[in-house]
Structure formats: structure tokens, C-alpha cells
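Engineer: Produce the entire structure from the sequences given, and follow the hints as far as they go.
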Amino acid sequence: MDSGGNIQLMGTRNFTRCESALHSEVEALLWAMENILQHSTCQSFGTDCKELIAMIKEPHALPTFTTELERIETLQICFLDFNIIHSTSAQSYFRLFS
1 MDSGGNIQLM
11 GTRNFTRCES
21 ALHSEVEALL
31 WAMENILQHS
41 TCQSFGTDCK
51 ELIAMIKEPH
61 ALPTFTTELE
71 RIETLQICFL
81 DFNIIHSTSA
91 QSYFRLFS
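Read in order, the letters of the sequence shown correspond to residues 1 to 98 in UniProt numbering.
Please keep in mind that the hints were generated in silico from the structure rather than gathered at the bench. Just so you know, even glycine gets a beta-carbon here, dropped at the ideal spot from N, CA and C. Hints may contain errors.
Stated by the list, open to error - Just the calculated beta-carbon pair ranges, DEER-fashion:
# : residue 1 : residue 2 : range
1 : His39     : Pro63     : 26 to 36 Å
2 : Glu19     : Leu80     : 24 to 34 Å
3 : Leu30     : Ser87     : 14 to 24 Å
4 : Thr41     : Glu19     : 30 to 40 Å
5 : Ser20     : His60     : 11 to 21 Å
6 : Pro63     : Thr41     : 29 to 39 Å
7 : Leu80     : Lys57     : 16 to 26 Å
Structural biologist: Okay, structure coming up:
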């Protein structure tokens, strides 16, 4: 939610085909983080992908994603209080709260 108590929803972007569904999730999160830094004060992200959340919490567990996780870690530094939570796909693909 923003400072006025409104939920902010981020649209999706048309990505080129990724290696896997998890790669698509990572790319979507990166895109959302980059855009939120430019357009909002939101600090928390929601996703329906539990694997993405686990990967962010344990970045060394999946060496295949080293480059992408380094980008996420770099972007996290720009947020005062970065948080990612699990939300059902019915609630939204990426749901952003302040």
C-alpha cells in the first residue's frame, strides 16, 4: 500500500522467451524493482512463486541464477526496507505495498 492506504499493482512486461518459468519470474521481479525505484516509494513485493522467494532468501542455493541474483541484491540496497512475500495468483502477479 502507498502512504494513502492504496494498493499499488504493477503490470507485466512482455519478455522474450526465458529458459524456464523461474527465469521469467526473476526477470519480472527485476523489472518491477527497477520501475518501482523510479516511480514509487513501495518497499515490499508479492509474488505467487514460492521458488523465487526461497531463492532470494538463499541466493547461493541455485548457482544457475548467480548473475540475476547479484542484480537483485544490488537493487535491494536501493530500498530502505525491501521485503518479498507470497501472495496467491488471484491477488495479483506482483503486488506492491509501501
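Engineer: Evaluate each hint against the coordinates.
Structural biologist: Now for the hints, and whether the structure bears them out:
1. Against the hinted window of 26 to 36 Å, the Cβ-Cβ separation of His39 and Pro63 comes to about 33 Å, which satisfies the hint.
2. Between Glu19 and Leu80 the C-beta distance comes to about 33 Å, which sits within the given range of 24 to 34 Å.
3. Between Leu30 and Ser87, the C-beta spacing of about 18 Å keeps the proposed range 14 to 24 Å intact.
4. The hint said 30 to 40 Å for the Cβ distance between Thr41 and Glu19, and at roughly 33 Å that hint holds.
5. Ser20 and His60 have their C-beta atoms about 19 Å apart, which keeps the hinted 11 to 21 Å range intact.
6. Here the CB-CB span from Pro63 to Thr41 is close to 34 Å, well matched to the stated 29 to 39 Å.
7. Taking the beta carbon of each, Leu80 and Lys57 are about 19 Å apart, inside 16 to 26 Å as hinted.
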